[in-house]
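Asks: The lines below spell out each chain.
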Amino acid sequence: MAKLYSKRKLATPKMLPKKETIRLILQYSCALNIIKVGNMNFENIAN
Amino acid sequence: MAKSQLPDAVLVDKYISGDENALAILVNRHQSKIYGYIYSKVLDRDITEDIFQETFFKVIHTLKSRKYYNEEGKFLSWVLRIASNLIIDKFRSDKKMPMNRDTDELSVFARITDDALNAERKLIKNQVEVDIKTIIEKLPHDQKEVIMMRYYLDMSFKEIADYTGVSVNTTLGRMRYAITNMRKVIEKNKIYLPS
Numbered sequence: 001m002a003k004l005y006s007k008r009k010l011a012t013p014k015m016l017p018k019k020e021t022i023r024l025i026l027q028y029s030c031a032l033n034i035i036k037v038g039n040m041n042f043e044n045i046a047n
Numbered sequence: 048m049a050k051s052q053l054p055d056a057v058l059v060d061k062y063i064s065g066d067e068n069a070l071a072i073l074v075n076r077h078q079s080k081i082y083g084y085i086y087s088k089v090l091d092r093d094i095t096e097d098i099f100q101e102t103f104f105k106v107i108h109t110l111k112s113r114k115y116y117n118e119e120g121k122f123l124s125w126v127l128r129i130a131s132n133l134i135i136d137k138f139r140s141d142k143k144m145p146m147n148r149d150t151d152e153l154s155v156f157a158r159i160t161d162d163a164l165n166a167e168r169k170l171i172k173n174q175v176e177v178d179i180k181t182i183i184e185k186l187p188h189d190q191k192e193v194i195m196m197r198y199y200l201d202m203s204f205k206e207i208a209d210y211t212g213v214s215v216n217t218t219l220g221r222m223r224y225a226i227t228n229m230r231k232v233i234e235k236n237k238i239y240l241p242s
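Quick mapping for you: the protein sequence lines, in order, are chains A and B. Residue numbers are given in the working numbering: position 18 of the first sequence equals residue 18, and the series is strictly consecutive. Residue numbers are given in the working numbering: position 22 of the second sequence equals residue 69, and the series is strictly consecutive.
Honestly, the hints are just simulated from the structure, not real lab data. These numbers come from a predicted model, not from an experiment. Be aware that a few hints might be false.
Stated by the list, open to error - List time: in silico DSS-like cross-link candidates among lysine-lysine, alpha-carbon distance up to 25 Å:
id : chain 1 : residue 1 : chain 2 : residue 2
1  : A       : Lys36     : B       : Lys111
2  : B       : Lys111    : A       : Lys19
3  : B       : Lys237    : B       : Lys191
4  : A       : Lys19     : B       : Lys88
5  : B       : Lys105    : A       : Lys18
6  : A       : Lys19     : B       : Lys137
7  : B       : Lys88     : A       : Lys18
8  : B       : Lys235    : B       : Lys180
9  : A       : Lys19     : B       : Lys105
10 : B       : Lys114    : A       : Lys36
11 : B       : Lys237    : B       : Lys169
12 : B       : Lys80     : A       : Lys19
What the hints assert, rightly or not - Facing chain B, according to a computed beta carbon distance under 10 Å, are these residues of chain A, among others:
id : residue
13 : Leu16
14 : Thr21
15 : Asn33
Heads up, the beta-carbon is just placed ideally off N, CA and C, and yes, glycines get one too.
The shape of chain A in the complex, shown without the other chains (with noise of 0.2 Å):
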């Protein structure tokens, strides 16, 4: 019987979020800033 060749890969490929994730993710941290004023956080998100 002729041996079947598969070109699909043993291992499962990494698990990855989408590029958007990432994207969202590092644009909230740009945007946010977080002011401590004695015991209180103001939070201020940037348009």
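Following the hints, complete the assembly by docking chain B onto the known chain A.
Replies: Below, chain B alone, put in the same frame as chain A:
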């Protein structure tokens, strides 16, 4: 040393100091492990994306608030713990409000029930109420008093204790004995009380 080779603790310090690129390196370095971990629990790509995003929002918030105590080699395990807690929250909220999707075999509308009482249910409800009142009447006076005040007058145990002039613990004890005695009466007389 290239930035991409810096240890996590150093990158976290840099990020807290304002270097946004440090976060990008951390995300890139650990995204596969974190994403894979979340997916292994929830088995849904969309939910995994949401939890992944929410995890890093919390990471960002905590680091920028300077609440994170930077220790060597703990960043990934810390992030995975955040992800794990979010997964648990997700399962809990799903349990309270399960999401049902239409399938070919079963429509969502098949699961929606009409809770309004029809004639049969009204009859059953009235009979159950009569049975319960009959059982309560058989209780000793102090136990009957607690049951009536608690379930028919919606009083708190503190209020019942004040009214009857006993301690809260005594009131609780009377309630417990009342319930136990009611169960005995139900079993003895083989009374059927449908839910």
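Asks: For each hint, tell me whether it holds in the structure or not.
Replies: Hints versus structure:
no., hint, result
1, Lys36/A - Lys111/B, "10 Å, holds"
2, Lys111/B - Lys19/A, "23 Å, holds"
3, Lys237/B - Lys191/B, "21 Å, holds"
4, Lys19/A - Lys88/B, "21 Å, holds"
5, Lys105/B - Lys18/A, "19 Å, holds"
6, Lys19/A - Lys137/B, "23 Å, holds"
7, Lys88/B - Lys18/A, "18 Å, holds"
8, Lys235/B - Lys180/B, "16 Å, holds"
9, Lys19/A - Lys105/B, "19 Å, holds"
10, Lys114/B - Lys36/A, "11 Å, holds"
11, Lys237/B - Lys169/B, "22 Å, holds"
12, Lys80/B - Lys19/A, "16 Å, holds"
13, Leu16, "6 Å, holds"
14, Thr21, "5 Å, holds"
15, Asn33, "8 Å, holds"
No hint from the list above goes unmet by this structure.
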